[in-house]
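Here is what each chain is made of, one letter per residue.
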Amino acid sequence: MSIPANSPLSPDQQQIANQLAAGLSAEQANWLSGFYAGIAHTGAPPITAPAAKTELTILYGSESGNAEKLSSDVAKAAGKQGFKTKVVNMADANAATMSKAENLFVIVSTWGEGDPPEGAIDYYEEFMSDKMPQLPNVKYSVLALGDTSYEHFCKIGKDFDERINKLGGERIYDRVDCDVDFEEPFQKWLTGALAALPSGEPAAPGSAAPAVAPAATVYDKKNPYSSELSERIVLNGTGSIKETLHVELSLQGSGLTYQPGDSLGIYPENRREDIEAVLAATGLEANSKLGDTTLAEALKTDFDITSLSPAIAMKYNKVVESEDLQKALEDKAAFKDWIWGRQLVDLLESYPNKKWEVDTFTGLLRPLAPRLYSIASSQAAHPDEVHLTIAAVRYSAHGRDRVGVCSTYVADKVDIGDTAKVFFHSNNNFRLPENDETPIIMVGPGTGIAPFRAFIEERAAREANGKNWLFFGDQHFSYDFLYQLDWLDYLEDGILTELSTAFSRDQKEKIYVQHRLEELGAEIWEWLEKGAYFYVCGDATRMAKDVNQALLDIAQEHGKKSPEDAKVWLTALRKEKRYQRDVY
Amino acid sequence: MSTLGKSANEGIKDASEYLRGTILDGLADSATGSLSKDDQQLTKFHGIYQQDDRDIRKERRKKKLEPAYSFMIRVRVPGGVSTPEQWIEMDRIAQEHANGALKLTTRQAFQFHGVIKSNLKKSIAEINEALFDTLAACGDVNRNVMCNPNPMQSKVHGDVLELATQISDHLSPRTGAYHDIWIDDGSGEKVKVTYDPPLIDDIADPEEPIYGKHYLPRKFKTVIAVPPSNDVDIYAHDLGYIAILEGDDKIVGYNITVGGGMGMTHGNEETFPRLADGLGFCTPDQAVKVGEAVVRVQRDHGNRDVRTNARLKYTIERLGINKFREEVEKLCGFELEKPRDFEFEDNGDRYGWIEDHEGNFHYTMFVENGRVYDTEEYPLLTGLREIAEIHEGDFRLTANQNLIIANISPGKKAEIEKLLEEYNMVDSYERSALRLNSMACVSLPTCGLALAESQRYLPELVSEIESVLEDTGLRHDAITIRMTGCPNGCARPYISEIGFVGRAPGKYNLYLGGGFHGERLSKLYAPSVKSDEIKTVLEPIIRDYAENRKDGEHFGDFTIRAGYIKVTENGRDFHKDFVEPTLSV
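In order, the protein sequence lines correspond to chains C and E.
Per our numbering, the very first residue in the first sequence carries number 2; after that it's consecutive.
Per our numbering, the very first residue in the second sequence carries number 2; after that it's consecutive.
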C-alpha cells in the first residue's frame, strides 16, 4: 500500500512516508497513526495530518426525477475526483441538519406557480423559516431546474441560493438556471462548481461544549415530570380502521434519562362524558366537597371510574346489598361474561343504590393508575425527547361508546404544547445485547413495534455492527405499515439487515408474523445458532403465544429436536437472556 | 447489432435480459410497495405502470408512510372485443384486487387501477386465465391493436377483427419473461411461439426475432379503420390500415398510413403532434407483412439517442415518406400500390340500438370517460355484470371509451333491455352532443405525468359549456372536445375541435381547429387559460359559430374560416402562427 498521489503530502513527504510504511509491522503502524493523530490535535505540526477526504453534500429536491438523476451524476463525478459524497433528498431530511455540511451543492427544480417539488415542500419551508440555523461554514453552489415558459422560472433554486447566502454561506460558484434542456448548462456548472471546491484539506476538529449539569429535581412515579407534547401523528393512512399514534414528548431541562427497552408511565385523566355518566348514575353533585377539592375534579384525576371486575362488584355489593347482584355474582362464569365490554357505570345503572354519600362512593373506587407504554425512541438519537407508539382504543358496547382512558387522553385531550404527567419505568428484562456484534431478531406487530424502533435507533447511533432482523405485521400494507419510511431508510443504510412483514387483510387468507417466522424458519434457526437474541413485543393473549409456538416448531424442524428438547432449549434461551419479551 | 442508443431507456432495455430486469426480486421485497426505477420502465412492457396517489403524498410523508404506490394494469384486448365470461372476470378482478372500477381506455383496452404490489402477480395470472394478457399493452413495442367495432357490417367486422388479432399476435414480444414472472406455474414450460404468417426473413435473434433485444425506440400504436367511420383516429397512430371495400362486405385491401402521433413536450418545438401519411395500398394477405416491415424500419431507423424524438413520426420527418416507403418495400419484397379513394365522416360513436343484416341487435352506450364503476345513483358496474351473466354475444370497447353490447339475438333483446332500464343505462346517450363527443385521459391523482386534472374535471367543464350551447341552440350539434392532463396526448386532444392540454394545476392550453373526423391538427388558441376563465374564453366563439356558420360547417372548420386560428397543415407547422388572442378576461 502506498500514499495516493492526490494526498496533501508533498512529493518528498510522500516518498518518506512510503519508505517508512513499507517496513512497518501492524503494531508499529497502529502506534504511529495514534502519534500522528496526536500531533494534529495538539496543533504542533511539523507535518501535515493525513488527508481526510473532503466531504461534499449534494442536496436535491426532485419532482420528475431529473434533479435526483443529476444529483447522482454529481456524486459520481465528485467521487472520481476524490470527494466523499453524501446525497440527501429533501423529502427525507430535516433542513436543520444541513448546518453540519461544509461543502454543499443544491439541485432543485421549480414547479407550477414557483412551487418546490411536492416532496420538498416541508424542507423548503423549514429552510426559509426563522428556525433555520446559520450556515457560516458552508461553501456552496446551486443548480436550479425550471421551465422558461413559466412565470417563476427557477424560483426555488434562486430562493435557496439567496437563503444560504443570507445564512452566512459562501457561494463558491454562481448559480446556473437551467431550462428544459438542462444537459449542457448542467455539465458546465458541474465542472465549474467542482473546480471551485476546496481540495483535500481536512476539517478542523470541532470543540465540544461542556455538557450542562442536569437539573437537581428528581422525577419519578411519585413525582412525575410535566412533559410537553411536541408532536402527535396518526401513523395509519387514510382508509385504515386503526388509529395508532406516534407522540413525542419533551424532556428538555428535566435531566431525565432512559434506555431502549424502558417504558414511560403516563397519568391520564378521565373523560368528561364518563364523569358525567357516573355522577348521573349515583345522583351525586359534581361540586360536592371532597377534601380540598370537588368530587368532579377528584373523579377526573384521582379515581378509576371505568374499570370493572368481579372483585370490584363484590366490594360494591357490600354497600348496595342487592339480592340480584348477589345472585349474579354467584355464577362466576356468567358474571364474567356480563362484565365483558362493560364498565363501572353499567354496574351503577344495573344495580343502583338508593342513596349515595360521597365518601362511601369514593371509598369503593381505586386510585386512577398510570399506564405504561414501551418507549419508541433512543435517547442517543433524540437527547431531549421520548417517543411513544399508542393505539387509541375506541369501541362501542352495550349501547355506549367506550374508550381506553389513557390512549384517548393522549389522543384527544393533550394538545401539542400541553403537558402530561410522566415518569420512566425501567425494564431490565428487555435490553439490547451488551455486545454490539450480536445479531438480534425482533418480532413486533402493531404497537409492539415501539421498542424496536428504539433498539434500531440505538444501534444506529452506537454504530453497532450486529445484524438486525425485524418482523412487523398489521392489517394492511398500504395503511398500517407503522414507521415504514424509517425502516426503508434503515434498510438502505444497512442498519436493518432484514425486514419481514405480514399483513393480515391484504389477501383472502390471514397472514400473521408467526407464519412468516415459520416460512423463514431455516434462516431464523441459523441466526439463533450464531447467538442471535430473540425479542417479542406486543399482544400477550394470542400473538406472543403463537410466536412462542413457532419458535418451538422451528427448533423441532430445523434444530431436529424432540418436542421435549425444544422446550428445554427455549427455556435455556430465556435463561441466557437471549429470549426476551415485553408483552401486554 | 446496432450500437447502443444514448437515451437512458435504451440502457435499461439492453441490461434487462429481454425485459426481465430484477422484477422478480422487486416483487419479493415486502418492505416497499415500489419497484426499482429501472424495473418500473421494464414493467411497462408487461402492461404495468407504477403510480401513486398524488393527492395524499404529503399526508403520507407526515405519517411516515411511503407514497401510496399501486399499479395500473392495462389489458390488451385486440379490437376491443370481450366475451361475457371475460367481462365477468375483469369485473371480479377490479373488485378483488383493484379499486373497484373498470376503465375502458381510448385504445380499446381494459385498465385496472390501484393494484398493490403484493396482489400484482395474482391479478396478471387471473387475467391470463381469462384468456387476456397484458404483455405489450405499454412499453416500446406494438401495443393493443385497435379496430372499428362496426356493428352494422358484421362480416367486415369479422375480417378486420381477425386482422387486428393477427397483427397483435405477430408483433407481440416473444420473450419468455412475461411467462416466467407472472404466469409461472412451476412447470418450467415456456409459452409456445408460432409465427403465422411467417417472418420476413431469417431469425437473427431467436429470443426476440422481430424486435431484437432493444425492442423499438419508443411506443408504437396500430389501428384499423372501416370508412366512413374514423372512430379509431387513424391519423393519430403510428401505423394505420384503412379498409377498402367493394360492395357492402368485401374488403379488397387496405390503405396503409404511417407516422401519426400525439405526444409532445411543452416548450420544446422539436416535438409536435403529427398526422399520419398515406404509404400505399396492399391486399389483405400482404397486410401483416407490411406491418412487420414498418415496425422493422422504425426499429432500425428510429432515434435511440433522444427519447422525445424517437416516435415513428420523427423518423418519417427525417427520412421523408418516399425513402421510408422504399425501405418498407425492400423488406416486403413487393411494391405497394397507390392509395385508393375512401371517405371518412366522423370519429365519434353511433349511439343506441342498431339491427344488423343478420337480424342481430347491438346497443352502443355512452360511458363517461370510460369509467365503469358503481355509485348509488348509477350502479353501472353491477348493471353490466348482470347483463354479462345472461348475454350470449360479445362486448366491444370503442375507441371513444364507450361500450357496445353486441350481437344480441332477437330472443335475448327484451331481457337485456329490461336490465338496461333497471340500471338506468337505457338513456346513457341522452346527453348533449358535446358530452357524447368528449374524451379525457386519467391524469390526477394517479398518473405520474399529469400536470393538471383531466377525467375528474372535464365532465364539470362540459356542463359549464353546455349552458352556452343550450342558450345558442347547439345542444344537438356534435363538437369534439378532449382534455389531457399533460402534453403526451392520451385522449388525442390535438385532433379535436376543442382541445385542452394541462400545463399546471388549473391551467390549460386551449387548442382549436382540429378536424371533425380527426383529419386535421388543431392550433394553440390561448396558452395557460385558468379553468374558471375557459367558459368566458369559449363563449364568444361559440356564439359567433351559432350565428355565422355555414350550412353543415363543423366548429373546427369555422374557427379557421372566422380567423380565430390559422390552419395547421402538418405537424411541423403545429407551433407556428400562434397569435396571442385579445381576451376579455
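If you're looking for bench data, these hints aren't it; they were derived computationally from the structure.
Be a bit skeptical, because a hint or two may be false.
[What the hints assert, rightly or not] Calculated Cβ distances over 10 Å to all of chain E for the following chain C residues:
hint : residue
1    : T58
2    : G113
3    : M129
4    : D148
5    : E163
6    : Y268
7    : L291
8    : T295
9    : S310
10   : D402
11   : H426
12   : S479
13   : K578
[Said to hold, decoys possible] Straight-line alpha carbon distances no greater than 25 Å define the calculated DSS-like cross-link-like pairs of lysine-lysine that follow:
hint : chain 1 : residue 1 : chain 2 : residue 2
14   : C       : K70       : E       : K531
15   : C       : K509      : E       : K123
16   : E       : K220      : C       : K70
17   : C       : K468      : E       : K65
18   : E       : K38       : C       : K77
19   : C       : K156      : E       : K414
20   : E       : K38       : C       : K70
21   : E       : K220      : C       : K159
22   : E       : K59       : C       : K70
23   : C       : K243      : E       : K220
24   : E       : K413      : C       : K511
25   : E       : K531      : C       : K156
26   : E       : K123      : C       : K414
Don't be surprised by glycine CBs; every beta carbon is placed ideally from N, CA and C.
These are the hints, each one checked on the structure:
1. T58: holds, 21 Å
2. G113: Since the minimum Cβ distance to chain E is about 5 Å, G113 (chain C) lies within 10 Å and the statement is violated.
3. M129: holds, 17 Å
4. D148: Non-interface label on D148 (chain C) violated, nearest chain E Cβ at 6 Å vs cutoff 10 Å.
5. E163: Holds: least Cβ distance 24 Å, greater than 10 Å.
6. Y268: holds, 27 Å
7. L291: holds, 43 Å
8. T295: holds, 40 Å
9. S310: holds, 37 Å
10. D402: With a cut-off of 10 Å, D402 (chain C) remains clear of chain E, as the shortest Cβ separation is near 25 Å.
11. H426: Its Cβ never comes within 10 Å of chain E, the nearest being 25 Å, so this holds.
12. S479: violated, 6 Å
13. K578: The claim holds: K578 (chain C) sits with its nearest Cβ about 29 Å from chain E, beyond 10 Å.
14. C:K70 x E:K531: violated, 32 Å
15. C:K509 x E:K123: holds, 12 Å
16. E:K220 x C:K70: holds, 23 Å
17. C:K468 x E:K65: Holds, at roughly 24 Å.
18. E:K38 x C:K77: holds, 18 Å
19. C:K156 x E:K414: Between K156 (chain C) and K414 (chain E) the Cα gap is close to 63 Å, so the pair fails against 25 Å, i.e. violated.
20. E:K38 x C:K70: holds, 11 Å
21. E:K220 x C:K159: violated, 37 Å
22. E:K59 x C:K70: Cα-Cα ~22 Å, so holds.
23. C:K243 x E:K220: Violated. K243 (chain C) to K220 (chain E) sits at ~43 Å, over the 25 Å cutoff.
24. E:K413 x C:K511: The hint is violated at about 43 Å.
25. E:K531 x C:K156: Between K531 (chain E) and K156 (chain C) the Cα gap is close to 21 Å, so the pair holds against 25 Å.
26. E:K123 x C:K414: Roughly 45 Å separates the two Cα atoms, so the pair is violated.
The structure does not agree with the numbered hints 2, 4, 12, 14, 19, 21, 23, 24 and 26 stated previously, though it agrees with the rest.
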